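Asker: Chain by chain, the residues:
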Amino acid sequence: MTQLQVLPGLQEMVDSLVKIVTSRTFLEIVIFPGLLNVLLSVAFLTWLERKIIARVQLRIGPLYAGIWGVLQPIADFVKLLFKEMISPELADVKLLMLCALGLMMLAAAPIVTIPFGEAFVIANMDIGLIFVFAVMSLFPSVLLLIGWGSNSKYSFLGGLRSLFQQVAYEIPMWLSVLGIVMLTGTLNLAEIVRAQQKVWFVIPQVLGFAVFFTAALAELERTPFDLPEAETELVMGWMTELSGAAFMVGFMAMYTKFYVMSALITTLFLGGWLGPAIIPEPIWVVLKTFLVAVVIVTIRGTFPRVRVDILLRTGWMRLLLLALVNIVVTVILIWLGLGWVWRV
Amino acid sequence: MALGSWSLVAIFELVILVTTVSLLAFGWLMGAKGKNPIRDAPFESGQTRLGEARLRYMMQYYPYLIMYVAFDVIAMFLFTWGLVFATLPFAQEYLFLIFVAILVVPLWYALHISGRRDLW
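Protein chains in written order, with our numbering: chain G, 225 to 568; chain Z, 16 to 135.
Please note that a few of the clues may not be correct.
[What the hints assert, rightly or not] Between beta-carbon pairs, the in silico distance windows are:
1. G:Val565 to Z:Glu59: 42 to 48 Å
2. G:Glu342 to Z:Ala85: 36 to 42 Å
3. G:Ala358 to Z:Gln62: 56 to 62 Å
4. G:Phe527 to Z:Arg64: 54 to 60 Å
5. Z:Tyr124 to G:Val565: 51 to 57 Å
6. G:Lys303 to Z:Val120: 54 to 60 Å
7. G:Ile244 to Z:Thr102: 40 to 46 Å
None of these hints come from the bench; they were simulated from the model. In this text, all values refer to a predicted model and were calculated from it rather than measured experimentally. Cβ coordinates follow ideal geometry from the N, Cα and C atoms, glycine included.
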């Protein structure tokens, strides 16, 4: 205490620091909907995926680290952190590092506006939906840069495939959400959740949901659309030449995107935090998110991969047209005078 | 102290940035370092590396990219329309459906062009 009295400015600094650290905004950013939530969910998702895929393939999966192998992601984390970062010859190492960094920042950004409960949203943006899509549309360019920077044919082909795939499925994805925007008249994600109090959007927007879900699988580069990292052809796609901590960051970014996309499906179509009040709001969101994730992982364990031309044609012809049909269906729904159900 | 949405986004991104940079830096410091021409060669399934990796592949997908640029703008217009849809007078709702119908024609044509191999 005596030292603090010697420096009167220090006490105030410590006080203000404590005030900032214990403030709700800071806790939201660092702990619940923010950083810690993302990291823990990513760790849990990798374990869940390995376990479910193992069950689908009649194996057991991770078993020794912790009960049912729950601590396996932490073991992997430590292992990858201490691995050597090999930079292939003529590769642009600075570009690779920067891209891994950018990938993680882009993947986590939508968490800022996704509501995890009436009071658990970091930034309640009025243009939340547009923000999420804007961030997602930056992904393909980063993936292409990684493919280009690592000076390997596998990486480059993987990066190119990612680019075309994500570009092709972005438009159907946006247009499938347009029906919701028309019904609610807002782009604010929390408002969209509140509009679902009577009926969730899966019911009136079932076509939009199907299109969004399929496009989300393609955006996440998951089976049946995992062409960019088709293991039998392209080794690990654009991640082939990343190693050690850089690989870990890239991998984390992909799983963060997976988590964010599942949370987005929950928010837009499955009623977000809404549900019986026995379970608290944030837990509803997390539960629904993991349910969506389990469905996506099960699809990965069950379906074969599609061919690249079929992929592009499905995206541009079938899904885009279905999304347009969904808009027409929504217009008819509003003309029939049912719009009031989802207006706040 | 009330913060605007964008400053919150900036703070969140900063937190992610610091975490990721520290992970990368830790990996860089802790991992072994060294040069080995064989190990540093790009992975090509154990074969000797042939030719340049930075090639110009797959330009047959070019029409798809052009379509993306066009539909991006169209999607933006559709979003602004959808946002005010319920408050629009009937005549304007109806006009935009015609726009959507017209949209399908160039889409079909672009897909037709991109499907013809002799044009690549």
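Asker: For each hint, tell me whether it holds in the structure or not.
Answerer: Now the hints, each set against the structure:
no. : hint                             : verdict
1   : G:Val565 to Z:Glu59: 42 to 48 Å  : violated, 58 Å
2   : G:Glu342 to Z:Ala85: 36 to 42 Å  : holds, 40 Å
3   : G:Ala358 to Z:Gln62: 56 to 62 Å  : violated, 42 Å
4   : G:Phe527 to Z:Arg64: 54 to 60 Å  : violated, 35 Å
5   : Z:Tyr124 to G:Val565: 51 to 57 Å : violated, 39 Å
6   : G:Lys303 to Z:Val120: 54 to 60 Å : holds, 55 Å
7   : G:Ile244 to Z:Thr102: 40 to 46 Å : holds, 42 Å
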